[in-house]
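Starting from the given sequences, assemble the full structure and let the hints guide the process.
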Amino acid sequence: MITGKGITKTFRQRGGMLGAREVPALRGVDFSMEKGGAVSFIGESGCGKTTLGRILAGLESYDSGEITIDGVPMSSLSHRQRQSHFRRIQLIHQDPYSALNPARTIHQTLDAPLTLRAKQTGRSRSWMDERAEELLGLVGLDPGYVLPRYPHQLSGGMRQRVVIARALTVDPEMLVADEATSMIDVSLRLGILALLKDLRDRLGVSVLFITHDVATARYIGLDGELYVIYRGQVVERGPVESVISDPVHPYTQSLLSAIPVLHGLEVPGAERVTPTEAIDPNRKDTGCLFAPRCPFRTDRCEAETPVLGHDGSTVQEHACFHPRSRSVVATPAVRS
Amino acid sequence: MSVTDQRAPGVRISDLSVVYRTQAGELPAVRGVDLELMPGTITGVVGESGSGKSTLALSMLNAVQPPGRISSGSVEIDGLGDVVALRGDDLRKTRGRHVGYVFQAAQNSLNPLKTIGKQLLDLGRSHDVDDLPGLVKEARSLLDRMGLDGARVLDSYQHELSGGMRQRVGIMLALVLNAHVVVLDEPTTALDMITQATILRIIREVHEERGLTTLVITHDLGVVAEIADRLAVMYGGRLVEQGPTREVLGAPRHPYTRGLLQAIPRLVGDIDEARALPGRPPTLSTVPPDGCVFRERCAVRMDVCETGEPPVLTIGPRVVACHAAGDGESQKETVTTGPTRGEEQA
Amino acid sequence: MTATTIVPEARSASATLRRNFWRGVWRVMKRKPSRMLGVVIMAGFAFMGIFGPMLYPDRLPRDTNALYAAPSWAHPFGTDFEGTDVLALVVTGSRYVLLTGLVTAVITVVLGAGIGLFAGFRRGRWDSVLMRITDMKLTIPGLPLLLVLSTIWKFTSAIEMGLVLGLLGWGGVARAVRSQTLSLRERGFVEAARGLGLSTTHIIGRELLPSMAPYIAMNMLIAVTGAVYAQVGLFFLGVLPFEANNWGVMLNLAVFGGGALTTTAALPYLLAPLLAILLLTLGIVLVVDAMDEIFNPRLREE
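Residue numbers (my numbering), protein chains in the order written: chain A, 573 to 908; chain B, 145 to 490; chain C, 58 to 359.
These are computed hints drawn from the structure, not numbers from a lab. It cannot be assumed that every hint is accurate.
If you want the footprint, here are the derived chain A segments under chain B, 3+ residues with CB under 8 Å [said to hold, decoys possible]:
id, stretch
1, 626-632
2, 751-764
3, 780-792
4, 827-836
A short, non-exhaustive set of chain C residues, derived as facing chain A with CB atoms under 10 Å [claimed, not checked]:
id, residue
5, 254
6, 256
7, 264
Beta carbons: idealized from backbone N, C-alpha and C, even for Gly.
Written as structure tokens, this is what we have:
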């Protein structure tokens, strides 16, 4: 079980003459992940979803808040101890082309973490070789073919599978998949998604799925939770199906409305929401962060800040003063 | 807006083949493609990496770079003739004046050291535009039309613009010389969902207002589904299926189109119906030289697919190149082995 | 394609890998005849440096009847002011020159790459301190310092010479390696290694270093030519005593003693060491051309 409470992170950009500019990436995010569970974060680029994934993988620090891994609060640990806990959370990069060292064979790539693992557990050289083959088999690759090869000799889909196998060498508790399929050929994407789903079932690995594609989030885990993030804040959160079929936050509705409709197979939702586009970058962050783009904003939205919570009418939590169901998702076309 | 009365030109690509010279000899990236872009329509070409879709797009400008070359076929544009036969200055003038090209998400096609306005003037000068103030005015109104502050954008550098804004600048640069044939290569890759929806809407609107003939190249079926009138599916350098978008998506005839549609997870319906396509797309060197290019991954593969070139069947407005798509009987059979979602839910 | 030909058993991996690497190097070298020529030239110089001096007696014979003799079968490049064979001088002088070049190159690359990698990978305080030191070093003007040093130090051994030139030369490499490291460390595979808890030694030695190998190898080869120019220059200027047999000494004597620039008699004496330097540079330049392909598996295999 991995939980986070009030995680904040602000990047300080070294500005020119005007001095440092502060860019808040996360503004107090809470989450919890059961063992073997699936949680998806969706939102636009720059909303902080990638930063959260990097924080969990131990690649980025956070300013405040508390992360608890298997009941151990990270703030109580030294830097070194903390790193060994964060190692139980492995990041699957978006780009399988840069995630593997082009100058090293797959065998070498898997060997390094397995050596470390063998040392920790006092296992032998032959265990490492067996384990490498076992892991490659687990991710659906032929070890005899893949091991002696360099990354450039493999397709994007195969590389991503190698990346997943490498993450599994340390027996992780959780995989953070950051847009893990966006750079892979369309016909191969589902295979990677199915693999992640399969790893949940077979190994009990939990999956934190970061994406802008809501439909893939749905595929990873219907039993999971969906978090919709806007500018570093969770604006809607709940079981995947209820957020998709009955979204109440206008931002969630905008995201779902933006998904292309497969005309001929689907009919578009009747109340698709289009947000007003430009926001003034110099505007003070007061009230609801989405208010400047929200077509349904009122004076209250500009003045007060909504808090994520239940209002009794929906299964999921939301942070909106004027929640309302709208049918934005396309429905299957009835064929004549 | 200075929309001319000029009717949108039609484009006929016939028997187009493009080969790349490699150590293993000349390998075809595009093979015998026949595609007609009807005047005033949006045609979407969908394909994965290595399908030859980008090479096809470059052929529209006769801009295939060595080691590639157009080995046969023609690209006839109304009022211009065969682009493949053009050379030198004529060809350079054609690019921009007649055929506008919007590069992949316009990420790398803008010069980071010059303002957009400067680049616009460069474009105008290289095409001998006399009325440069008029060009700027036209550019500004195009940008305004696309929901930007035209004057401000022209004074900006590339890094000051967001991905969606850059894409709109790319569209402006493609249209500002009054081109009526526009090629968009992956217009929304690397853009966010909401921005993507906005760009697609703009493409559609501008297309209609200016009377264009548009070709959209993409790997994303959703993009084509959203805006294209006609859809062409490419695989391994071949055009395997084409037809009106709704018809192709509603009742795909080629097993690849069907497999691709099925491999896309959807927002509604039974999620477990999504099925991965086995195997992987071919590369230039692994495309089988004879027989059907898709047979390795095909669910309805037959003996004849190994050797026989799939017949190109024209059924009303639709064209499909598949041995199994022939007569009505086998058609029925393939439907039962791999039903489309639409049919199941009917 | 050749890339898919060899599929060895996954075991005995490192031996196979090494074999494949050298096979790849051979393939890359064969691609252009010029590269082979470069290798032959460099091998020739290496042979000359190692075994050349053994072919001649410690004190070279002098033919006092033939001072500044014209080229002939007995003396292909003629003789010098005291009748010593010029070819013999070039060959015996090569060891000092080449050894200096080698020592300089090794020191330049080891120090430069080491400091650059460490500073770039650690960032923060380490980076600031090391880069300030590098900057300070870069501001030291090399030639004046060498002039001063030569007044107190005679540089009789090539290793001393190489040490000094190496210590003066690593700054540029350090800067460049650091900036490459900074960009590489953001790459997915380096982050993945950090996330997996792999040691810093592993990350620097096994992940970062191989990616920079072509660059480092090129710098190493170029440092050899740099060192050759520098020391030959010093000897030519007469800054260093003429104790050692050296190409630079030969140039100096040919120009200032033999008047090679005004009369033709000493011309072969002048041209012979120049030709040697030119050939060495050519050999190195021709080989440098192959470095990118040698260290990039994709270019190596195809």
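Subject >> Unmet hints by their number, sorted upward, for this structure >> reply: Hint 1 alone not satisfied by this model.
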